Amino acid sequence: MVSASIVGASGYAGGELLRLLLGHPSFKVKQVTSETWAGKPVHFVHPNLRGRTELRFVKLEDLEPCDVLFLALPHGQAMYQIEHFASLAHYIVDLSADFRLKDPADYRRWYEVEHPAPHWLPLFTYGLPEIHREEIRSSRYVSGVGCNAACSILALYPLYRRKLVEMAIVDVKVGSSEGGSKPTQASHHPERAGVMRPYAPASHRHLAELVQELNFGEKPQIYFTVTSVDAVRGALATCHCFLKEPVSEKELWKIYREDYGAEPFIRLVSAKQGIHRYPDPKVLAGSNYCDIGFAVEEGTNRVVVMGAIDNLMKGSAGNAVQAANLMLGFPETAGLDFPGLHPV
Amino acid sequence: MVSASIVGASGYAGGELLRLLLGHPSFKVKQVTSETWAGKPVHFVHPNLRGRTELRFVKLEDLEPCDVLFLALPHGQAMYQIEHFASLAHYIVDLSADFRLKDPADYRRWYEVEHPAPHWLPLFTYGLPEIHREEIRSSRYVSGVGCNAACSILALYPLYRRKLVEMAIVDVKVGSSEGGSKPTQASHHPERAGVMRPYAPASHRHLAELVQELNFGEKPQIYFTVTSVDAVRGALATCHCFLKEPVSEKELWKIYREDYGAEPFIRLVSAKQGIHRYPDPKVLAGSNYCDIGFAVEEGTNRVVVMGAIDNLMKGSAGNAVQAANLMLGFPETAGLDFPGLHPV
Amino acid sequence: MTECPECGATINLPPGTEVGEIITCPDCGVELEVVSLNPPSLELAPQVEEDWGE
Numbered sequence: 001m002v003s004a005s006i007v008g009a010s011g012y013a014g015g016e017l018l019r020l021l022l023g024h025p026s027f028k029v030k031q032v033t034s035e036t037w038a039g040k041p042v043h044f045v046h047p048n049l050r051g052r053t054e055l056r057f058v059k060l061e062d063l064e065p066c067d068v069l070f071l072a073l074p075h076g077q078a079m080y081q082i083e084h085f086a087s088l089a090h091y092i093v094d095l096s097a098d099f100r101l102k103d104p105a106d107y108r109r110w111y112e113v114e115h116p117a118p119h120w121l122p123l124f125t126y127g128l129p130e131i132h133r134e135e136i137r138s139s140r141y142v143s144g145v146g147c148n149a150a151c152s153i154l155a156l157y158p159l160y161r162r163k164l165v166e167m168a169i170v171d172v173k174v175g176s177s178e179g180g181s182k183p184t185q186a187s188h189h190p191e192r193a194g195v196m197r198p199y200a201p202a203s204h205r206h207l208a209e210l211v212q213e214l215n216f217g218e219k220p221q222i223y224f225t226v227t228s229v230d231a232v233r234g235a236l237a238t239c240h241c242f243l244k245e246p247v248s249e250k251e252l253w254k255i256y257r258e259d260y261g262a263e264p265f266i267r268l269v270s271a272k273q274g275i276h277r278y279p280d281p282k283v284l285a286g287s288n289y290c291d292i293g294f295a296v297e298e299g300t301n302r303v304v305v306m307g308a309i310d311n312l313m314k315g316s317a318g319n320a321v322q323a324a325n326l327m328l329g330f331p332e333t334a335g336l337d338f339p340g341l342h343p344v
Numbered sequence: 001m002v003s004a005s006i007v008g009a010s011g012y013a014g015g016e017l018l019r020l021l022l023g024h025p026s027f028k029v030k031q032v033t034s035e036t037w038a039g040k041p042v043h044f045v046h047p048n049l050r051g052r053t054e055l056r057f058v059k060l061e062d063l064e065p066c067d068v069l070f071l072a073l074p075h076g077q078a079m080y081q082i083e084h085f086a087s088l089a090h091y092i093v094d095l096s097a098d099f100r101l102k103d104p105a106d107y108r109r110w111y112e113v114e115h116p117a118p119h120w121l122p123l124f125t126y127g128l129p130e131i132h133r134e135e136i137r138s139s140r141y142v143s144g145v146g147c148n149a150a151c152s153i154l155a156l157y158p159l160y161r162r163k164l165v166e167m168a169i170v171d172v173k174v175g176s177s178e179g180g181s182k183p184t185q186a187s188h189h190p191e192r193a194g195v196m197r198p199y200a201p202a203s204h205r206h207l208a209e210l211v212q213e214l215n216f217g218e219k220p221q222i223y224f225t226v227t228s229v230d231a232v233r234g235a236l237a238t239c240h241c242f243l244k245e246p247v248s249e250k251e252l253w254k255i256y257r258e259d260y261g262a263e264p265f266i267r268l269v270s271a272k273q274g275i276h277r278y279p280d281p282k283v284l285a286g287s288n289y290c291d292i293g294f295a296v297e298e299g300t301n302r303v304v305v306m307g308a309i310d311n312l313m314k315g316s317a318g319n320a321v322q323a324a325n326l327m328l329g330f331p332e333t334a335g336l337d338f339p340g341l342h343p344v
Numbered sequence: 001m002t003e004c005p006e007c008g009a010t011i012n013l014p015p016g017t018e019v020g021e022i023i024t025c026p027d028c029g030v031e032l033e034v035v036s037l038n039p040p041s042l043e044l045a046p047q048v049e050e051d052w053g054e
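Protein chains in written order, with this note's numbering: chain A, 1 to 344; chain B, 1 to 344; chain C, 1 to 54.
Quick caveat, the hints were computed from the structure, so don't treat them as lab data. Some hints could be false.
Said to hold, decoys possible - Okay, derived cross-link-like pairs now, EDC-like style, lysine to aspartate or glutamate, Cα gap no bigger than 16 Å in a straight line:
#, chain 1, residue 1, chain 2, residue 2
1, B, LYS250, C, GLU3
2, B, LYS272, C, GLU6
3, B, LYS219, B, GLU297
Owing to the predicted nature of the structure, the values given are computational and were not obtained by experimental measurement.
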């Protein structure tokens, strides 16, 4: 068994990661850290894990060496402690944004921070297996993906790879768990329930990842908007793609099958009947799937591509375990076989 | 591998059962029937199962012999076809109410039907393992439990077994999936969303099961009310128990640990701090847990005992698989290890 | 090995526990003070009642 510890395990992503690792055939959870909850049993914070483990949170200062270190800290923390973390484990998977982007200028622009360890940026691989599988397999350091970015990139990648897109507007709908476990005025239930609340209408940091990952020789012209809706988990990216040349639906199927036909966690969902015709995050909660669907508009060059995920799974913890499986040489789907619930 | 088929697999309970059996180490799903969806792939109705199986629904008339037959028909159907079903399989687990009650008079009263096969009633074991484990182990025919009854009986059983209760009022809160997958005016989203709707304030059929299962020499004096609330899955039984003699909280812990300490699917949840102090179905979705908690009222003889479940799991499909594991001699928790999600 | 005075849960004092330390009962979540190590015994620590404000 490979020993794994989680830094920042009291948050939602850290808790989901702990659930997955506890159920994983090849990982043994060694330590989980939380400054606020040190000494307390994990189920105080993660009630679903009651009876699953005797683990208690420990302080960061008590962190011991292990094989794989998962970092689930808020943005802007891991980047200041990477040398220490790297001294404790051969492999690191960082779920935060601290090592996602290659260009330090992006951190100045999107995260208003002068990156303290820019020389580490090239050492981290962007952890989206469907696009960087071989690179991840041979990496020691992998960065997690942004949840809104993950579903958008996966939806758009086949079209951008083939240089078919003139311009795209990505309109993402998200649940409340994206905001993390810290309560705010905006997340206060009477204020948050039932909203259709534009969150970052004209500038969202996840755009930096799209621009980085979808650049195939020319800087992609993409616009990004996020709207919070009445859900806890889930992210749905509605991508309005304006193509250079119109394509038929049949050609789209061919393109998406070519890129994703063999992918274990991508399902193509574009049906002509039934109430589940297009991707919907509601049925993906707890699963590592990204469902992708598309619709061609007659008489225009617009194609609407939809990508749905569970932001805590394929958008965070699930994707991190998928990447770690590749890094450690385990089967890529190990510990990730929960299919989601319906109805839910 | 043991072959299992599901009769009535397009409903919510049938679909949940299919999810569990597809992920079960020792069951092989042979056929799943649905008159409406015959010939269609199962994921047309159960989107979470897309990519999991090639199975298509078949008509009831095409049902072939198998080892275990799970019946997930609406109430009032299996009772007319039990001879036929029994000719097809050695073991039968019926999720409906058709063989739950021992006394035909109860069917006249609660289900307004003259039971067509009363001689089968004594052949079926009431399928709640925590209370009838040894009987189920040696049974060929087991009936599933009513969801509201399951969480109420499990909450009350330790007190009634010890004859401590004078009278109890059971006030159950439930999600919309209890009503099944057929749409009605009452389940129309604009009518159903956000309700706190008393459903059967003064007479609910699940009371019959409580009276049957909690009778230890004297007919229990129990009152039962159901209120629909804004959730899809989940049932929470708040049991207001008036005891013959007051008990301390410490004694209650002793009583409940004595009965449930070793149970794989019962967790005692009565905490003094944190936001997850008492049982809450929200975190149980997809798990087979029944969480039980209690609070002693100072200066009165009232004890409030709370039992929470996922009505589609411990209240239906999960419990059916747990019972089937016992009948077939598999580990009781086989295929039932999903811990639930948080947040959800 | 000792018992939680509130709910009777058996509690193993991890090695290195010191008298006066506050530990949490895993079953009922109450805060307990270690009053002696040999034999190990626990007492209810002063409680801060959280107000849910509901």
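Notebook entry, point to check: Given the proposed pairing of LYS219(B) with GLU297(B), does the C-alpha separation stay at or below 16 Å?
Noted result: Given that 16 Å is the threshold and the Cα spacing comes to 25 Å, the pair is violated.
Check: Keeping to a limit of 16 Å between CA atoms, is the pair of LYS272(B) and GLU6(C) held or broken?
Finding: holds (10 Å)
Next item on the list: Assess, step by step, whether the Cα of LYS250(B) is no farther than 16 Å from the Cα of GLU3(C), and give holds or violated.
Entry: holds (11 Å)
Comparing the model with each numbered hint stated earlier shows that hint 3 is the single one that does not hold.
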